[in-house]
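Undergrad: Protein chains in written order, with the numbering used here: chain A, 1 to 250; chain B, 251 to 731.
Calculated from the structure, these hints are not laboratory results.
Keep in mind the model is a prediction, meaning the values are calculated, not measured.
A few of these clues could be false.
In silico DSBU-like links for lysine-lysine, alpha-carbon gap of 30 Å or less [said to hold, decoys possible]:
| # | chain 1 | residue 1 | chain 2 | residue 2 |
| --- | --- | --- | --- | --- |
| 1 | B | K675 | A | K226 |
| 2 | B | K720 | A | K108 |
| 3 | B | K546 | A | K136 |
| 4 | A | K50 | B | K704 |
| 5 | A | K122 | B | K675 |
| 6 | A | K108 | B | K617 |
| 7 | B | K693 | A | K78 |
| 8 | A | K136 | B | K617 |
| 9 | A | K223 | B | K693 |
| 10 | A | K122 | B | K704 |
| 11 | B | K617 | B | K546 |
Now for the letters of each chain:
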Amino acid sequence: MLEIKDLHASVEDKEILKGINLEVKAGEVHAIMGPNGSGKSTLASVIAGKEEFEVTKGSVSLEGEDLEEVAPEERAHKGVFLSFQYPVEIPGVSVTNFMKTAINESRKAKGLEDMPAKDMLKLIREKSELLEIDRKFLSRSLNEGFSGGEKKRNEIFQMAMLEPKVAILDETDSGLDIDALRIVANGVNKLKSKDNAVIVITHYQRLLDYIVPDFVHVLHNGKIVKSGGKELAMELEEKGYDWIKQEATV
Amino acid sequence: MAYTEDDLKKELETQEYEYGFYTNIESDTFPKGLNEDIVRAISKKKNEPDWMTEWRLDAYRIWEQMEEPEWANVRYEKPDFQAISYYSAPKQADPNKSMDDVDPELLEMYRKLGISVDEQKRLQNVAVDIVVDSVSVATTFKKTLAEKGIIFMPISEAIQEHPELVKKYMGTVVPKTDNFYAALNSAVFTDGSFCYIPKGVKCPMELSTYFRINEGGTGQFERTLVIADESSYVSYLEGCTAPSRDENQLHAAVVELIALDDAEIKYSTVQNWFPGNKEGQGGVYNFVTKRGLCEKNSKISWTQVETGSAVTWKYPSCILKGDNSVGEFYSIAVTNNYQQADTGTKMVHLGKNTRSTIISKGISAGKSQNSYRGLVQVNSRAENARNFSQCDSLLMGNECGAHTFPYIEAKNKSAQIEHEATTSKIGEDQIFYCNQRGIDTEKAIALIVNGFSKEVLNKLPMEFAVEAQKLLEISLEGSVG
Numbered sequence: 001m002l003e004i005k006d007l008h009a010s011v012e013d014k015e016i017l018k019g020i021n022l023e024v025k026a027g028e029v030h031a032i033m034g035p036n037g038s039g040k041s042t043l044a045s046v047i048a049g050k051e052e053f054e055v056t057k058g059s060v061s062l063e064g065e066d067l068e069e070v071a072p073e074e075r076a077h078k079g080v081f082l083s084f085q086y087p088v089e090i091p092g093v094s095v096t097n098f099m100k101t102a103i104n105e106s107r108k109a110k111g112l113e114d115m116p117a118k119d120m121l122k123l124i125r126e127k128s129e130l131l132e133i134d135r136k137f138l139s140r141s142l143n144e145g146f147s148g149g150e151k152k153r154n155e156i157f158q159m160a161m162l163e164p165k166v167a168i169l170d171e172t173d174s175g176l177d178i179d180a181l182r183i184v185a186n187g188v189n190k191l192k193s194k195d196n197a198v199i200v201i202t203h204y205q206r207l208l209d210y211i212v213p214d215f216v217h218v219l220h221n222g223k224i225v226k227s228g229g230k231e232l233a234m235e236l237e238e239k240g241y242d243w244i245k246q247e248a249t250v
Numbered sequence: 251m252a253y254t255e256d257d258l259k260k261e262l263e264t265q266e267y268e269y270g271f272y273t274n275i276e277s278d279t280f281p282k283g284l285n286e287d288i289v290r291a292i293s294k295k296k297n298e299p300d301w302m303t304e305w306r307l308d309a310y311r312i313w314e315q316m317e318e319p320e321w322a323n324v325r326y327e328k329p330d331f332q333a334i335s336y337y338s339a340p341k342q343a344d345p346n347k348s349m350d351d352v353d354p355e356l357l358e359m360y361r362k363l364g365i366s367v368d369e370q371k372r373l374q375n376v377a378v379d380i381v382v383d384s385v386s387v388a389t390t391f392k393k394t395l396a397e398k399g400i401i402f403m404p405i406s407e408a409i410q411e412h413p414e415l416v417k418k419y420m421g422t423v424v425p426k427t428d429n430f431y432a433a434l435n436s437a438v439f440t441d442g443s444f445c446y447i448p449k450g451v452k453c454p455m456e457l458s459t460y461f462r463i464n465e466g467g468t469g470q471f472e473r474t475l476v477i478a479d480e481s482s483y484v485s486y487l488e489g490c491t492a493p494s495r496d497e498n499q500l501h502a503a504v505v506e507l508i509a510l511d512d513a514e515i516k517y518s519t520v521q522n523w524f525p526g527n528k529e530g531q532g533g534v535y536n537f538v539t540k541r542g543l544c545e546k547n548s549k550i551s552w553t554q555v556e557t558g559s560a561v562t563w564k565y566p567s568c569i570l571k572g573d574n575s576v577g578e579f580y581s582i583a584v585t586n587n588y589q590q591a592d593t594g595t596k597m598v599h600l601g602k603n604t605r606s607t608i609i610s611k612g613i614s615a616g617k618s619q620n621s622y623r624g625l626v627q628v629n630s631r632a633e634n635a636r637n638f639s640q641c642d643s644l645l646m647g648n649e650c651g652a653h654t655f656p657y658i659e660a661k662n663k664s665a666q667i668e669h670e671a672t673t674s675k676i677g678e679d680q681i682f683y684c685n686q687r688g689i690d691t692e693k694a695i696a697l698i699v700n701g702f703s704k705e706v707l708n709k710l711p712m713e714f715a716v717e718a719q720k721l722l723e724i725s726l727e728g729s730v731g
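Work out the full structure, taking the sequences as your base and the hints as a guide.
TA: So, in structure tokens, the structure goes:
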């Protein structure tokens, strides 16, 4: 579904990704772990198409289509979703209005009419229940004055609304207490199917107790230095990242 | 291909001001220049009574002694007042003729402006007065309104038909001596709307005036006078457009509102005069004096969406003379390219328990400059006066400016005055966040701007709010740098 080949990316001439190879098939959950500054969030931004990063070599393709010339909003229309580590505030724009705009823009790109208000309401009701979101929350301005947990829950709510093919969760566990973590993870698990894929970017193994990965990759200094099954995450939790770093330099 | 910002900018360059068409209507235009004879000639053309002619001449003499103000935070080449024609009228404009007699070109212009002068407007509950260049060419619904005793007509007709009302109120809120442009307007105003709502009457429809400058080399000086008698209510809308021209055109209007005891006036403006091209050439100089007088327990509410004009100089104000009166000012001012706006309000608290609210939203893009200038003045006798002001500025790119000049003068210890101000910038992070959800950059900006302006947009009558929202989007397309 998502194929990353020898991906190199820089920001302001500083190379951050130095040759990433990764293949994610439909129905799979991949975890990307690694120490701070290893390039995890950059990888997420590059897949989503953030222009600040320049792809100097290699490619990212979705269902066989090279994404290089595809604008961020078109990637979203094709089914790429990024749950942001730091979701931005948009004052005066309610969660509902934002979602309505996002869904209708995607539909417009596919040549469809706007979603009828009745269907939209039904969808919002259904998905907000899935994430145990109070409906009052949906009329508040997007992320304005939200707690850390509310912001992350709102990200997963948007994922539920947009039903992406590939969802990248960038540090979704940071800032969540244990109850919120459970709700968010449950939401993701319910949205998972044989037709979509999830990439979980995380620093800690904690989230992986709830969202169980099929594969775990360790990113260090812009490269994937180790891949394995879910037991690799346990090992990292136990031993930290130092042994990986040493192994990588040898 | 990915649609980049450069593409967007290119598209903008080729995109023209939507209302920039010029209609080829035969017009009757005075020679350029201004002197007492021209003032007399305007008055004669309008068949005015002597008192009106004298009033104009007095204003002209005052104006001659005055200097153009310099204190506003705007820079422009001063208009040459001898190079302007002070009267231009579409030849066919005769209010007594039926629609069938109207110049088809004029009707075509209305169509382009999106105005249907016919009775279809009844469905929308809007009565319209249209002012093209210097004269009023069509007023709809006069009859329906007359049944309630409401007078809504061009001010030139009001001078003929209701001289006692015009004489009693004109110049009482904005005196001839008020300022340079008000004096000029008082001398040469050629038309505008007049509205009187009798005691206890709630006007059943929105009253609307549509202003259009069509002829080149002319100025537009309209005068609006709205009187809401005791316990009455009226909601008034005003819209403005002009053709695209290389030269600057002058628009110097005066609007006076009078709310008698327990009356309420809601005055909304969507101003979309030609803003000049992207190099800053041409565009309308919009130098307007708008002020309302509130008697006991009355309320005046100004709402404005300012997107056009090369230079704007405008401060819709309230004199809160009566006890318990309320003044409100809600404003969105957008500047793009080389536009300059210096706009705000004055709330003058004279009566006891008077209250005022100011919500100002300034949006600057391109190389434009956007200033809020406001005065909250509490007189020594104004016990328990209260004001709340909020001024928010939104910046796009690194070449524009936002400025706030709030003045507060409180001479009574019981006054409560609050002022809040914020400045923010549309961030690339906000745009990318929207992009990632499938919303393109143009739509993202519209969404962010609408969110920013929501408190003010909500104050507009429904139909107008939709138009204003569209206008905001058009004015700011491709403006993120």
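Undergrad: Quick one, are A/K50 and B/K704 close enough, alpha carbons at most 30 Å?
TA: At roughly 29 Å apart (the allowed maximum being 30 Å), B/K704 and A/K50 satisfy the hint.
Undergrad: For the pair supplied as a hint, A/K122 and B/K704, is the alpha-carbon distance within the 30 Å limit?
TA: With Cα atoms ~26 Å apart, A/K122 and B/K704 stay inside 30 Å; holds.
Undergrad: Within a Cα-Cα threshold of 30 Å, do B/K675 and A/K226 meet the stated pairing?
TA: Distance ~42 Å between B/K675 and A/K226 Cα, so the pair is violated.
Undergrad: Would you check the hint for B/K720 and A/K108, treating anything up to 30 Å between C-alpha atoms as holding?
TA: holds, 19 Å
Undergrad: Regarding the pair B/K617 and B/K546, is the alpha-carbon distance no greater than 30 Å?
TA: With a Cα-Cα distance of about 45 Å, the restraint between B/K617 and B/K546 is violated, given a limit of 30 Å.
Undergrad: Holds or violated: A/K223 with B/K693, Cα cutoff 30 Å?
TA: With Cα atoms ~36 Å apart, A/K223 and B/K693 exceed 30 Å; violated.
Undergrad: Within a Cα-Cα threshold of 30 Å, do A/K136 and B/K617 meet the stated pairing?
TA: violated, 40 Å
Undergrad: Taking 30 Å as the top limit, are the C-alpha atoms of A/K108 and B/K617 close enough?
TA: violated, 33 Å
Undergrad: Compare the distance between the alpha carbons of B/K693 and A/K78 with 30 Å, and conclude whether the hinted pair is satisfied.
TA: holds, 18 Å
Undergrad: Is it true that the CA of B/K546 sits at most 30 Å from the CA of A/K136?
TA: violated, 40 Å
Undergrad: Check whether the Cα positions of A/K122 and B/K675 lie no farther apart than 30 Å.
TA: violated, 35 Å
Figure legend: structure checked against the earlier numbered hints; hints not met, in rising order: 1, 3, 5, 6, 8, 9 and 11.
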